[in-house]
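Trainee: These are the residues of each chain, in order.
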Amino acid sequence: DAEITQSPRHKITETGRQVTLACHQTWNHNNMFWYRQDLGHGLRLIHYSYGVHDTNKGEVSDGYSVSRSNTEDLPLTLESAASSQTSVYFCASSGPNYGYTFGSGTRLTVV
Amino acid sequence: SQKIEQNSEALNIQEGKTATLTCNYTNYSPAYLQWYRQDPGRGPVFLLLIRENEKEKRKERLKVTFDTTLKQSLFHITASQPADSATYLCALPNFGNEKLTFGTGTRLTIIP
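These protein sequence lines map, in sequence, to chains A and B.
For the first sequence, the numbering used here assigns the number -17 to the initial residue and increments by one for each residue that follows.
For the second sequence, the numbering used here assigns the number 412 to the initial residue and increments by one for each residue that follows.
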C-alpha cells in the first residue's frame, strides 16, 4: 500500500545544530508540504513543492529549507536550530482532487 | 491569505446525539473546503471535500454543508460514538493554488 513516512519520530537536538527531517511518500504525488503544529497556532505551512526541483516558501519559512530532487522525498532542514523551532512537524502530500495525506509527524525538541 | 475560525475549541456531546462543528472563513470564497480528523500523537486524516457548487455532502454518519453566502461550513456527526472523539480541522485552499490553510480545530469529546 502507498504511504507517507516521516523520520525520526522524535528528535532532541542542541541550539545551533543543523537538523534534517525526512519525508518519503510512495503515492507518486507531485505536491508535498511541510507544516509545523503548535498549541494555539494550529498547522502552519513552512515550505511546499509542486514537483521535482520546485520549492516554495510558506508563511513560517525563516530558518528552514527544503530540496526536491525526486518525486518521493522532501527533506526539511533546520539550518541552525533554535528553541523557537521546538514543535511537531508534519509532512503531507496530495494528488489532484484529493485531500492531503499526512505522515505521523516528528516531535522535535531544541535544547 | 484566508483567516479561518473554528469557533469552539472544545465541544462535549452525549453519545448518540448529533455533534455540529462550525468553520467560518473571511476573505474570498474558496473553490472547495476540506475537513480532517486528528487523533492525539497522529497526523490529520482527510475526511471530506465539499466544492463551492455543492450545498451538502454526506459520508456514512458525516454530513458537511457549505454556505458561500455566510462564508461558513458546518460539520455534523450523527449518532455520535465515543470513538468519534478527536480534534476536527477545517481547511481551505489559498486563492489560485493548492496549498491549504488550516483552522486551529475543535476538540470533540463524546461522553458515554
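Heads up, some of the hints might be wrong.
Only pairs whose alpha carbons sit at most 25 Å apart, straight line, appear in this in silico PhoX-like list of lysine-lysine [what the hints assert, rightly or not]: (1) LYS39/A to LYS466/B; (2) LYS468/B to LYS510/B; (3) LYS414/B to LYS39/A; (4) LYS510/B to LYS428/B; (5) LYS466/B to LYS482/B; (6) LYS468/B to LYS428/B.
If you only want the chain A side, here are some residues facing chain B, beta carbon under 8 Å, derived [what the hints assert, rightly or not]: (7) PRO(-10); (8) ILE(-6); (9) ASN13; (10) LEU25; (11) GLY81; (12) PHE84.
Since the hints were derived computationally from the structure, they do not count as laboratory data.
Note that CB positions come from ideal geometry on N, CA and C, so glycine has one too.
Trainee: Do the alpha carbons of LYS39/A and LYS466/B lie within 25 Å of each other, as the hint requires?
Mentor: violated, 33 Å
Trainee: If you draw a straight line from the CA of LYS466/B to the CA of LYS482/B, is it 25 Å or shorter?
Mentor: holds, 12 Å
Trainee: Should the hint that ILE(-6)/A touches chain B count as held when the rule is a Cβ pair under 8 Å?
Mentor: violated, 17 Å
Trainee: Given GLY81/A as an interface hint, is its Cβ closer than 8 Å to any Cβ of chain B?
Mentor: Hint holds; GLY81/A Cβ to chain B Cβ min 3 Å, cut 8 Å.
Trainee: With a cut-off of 8 Å, does the beta carbon of PRO(-10)/A approach a beta carbon of chain B closely enough for the hint to hold?
Mentor: violated, 15 Å
Trainee: Checking hints one by one. Is ASN13/A an interface residue toward chain B, by the C-beta closer than 8 Å rule?
Mentor: At 6 Å from the nearest chain B Cβ, ASN13/A passes the 8 Å test, so the hint holds.
Trainee: Quickly compare the C-alpha distance for LYS510/B and LYS428/B to 25 Å and report which way the hint goes.
Mentor: violated, 34 Å
Trainee: Can we keep the LEU25/A interface hint, with Cβ of chain B closer than 8 Å?
Mentor: holds, 4 Å
Trainee: Does LYS468/B pair with LYS428/B here, judged by a C-alpha cut-off of 25 Å?
Mentor: Cα-Cα ~19 Å, so holds.
Trainee: Between LYS414/B and LYS39/A, does the CA-CA distance stay at or below 25 Å?
Mentor: Holds, because 19 Å separates the two Cα atoms, which is no more than 25 Å.
Trainee: Please verify that hint: PHE84/A, Cβ, nearest Cβ of chain B, below 8 Å or not.
Mentor: Hint on PHE84/A: holds, closest Cβ of chain B at ~3 Å, below 8 Å.
Trainee: Between LYS468/B and LYS510/B, does the CA-CA distance stay at or below 25 Å?
Mentor: holds, 22 Å
Of the hints listed earlier, those the structure fails to meet are numbers 1, 4, 7, 8, in rising order.
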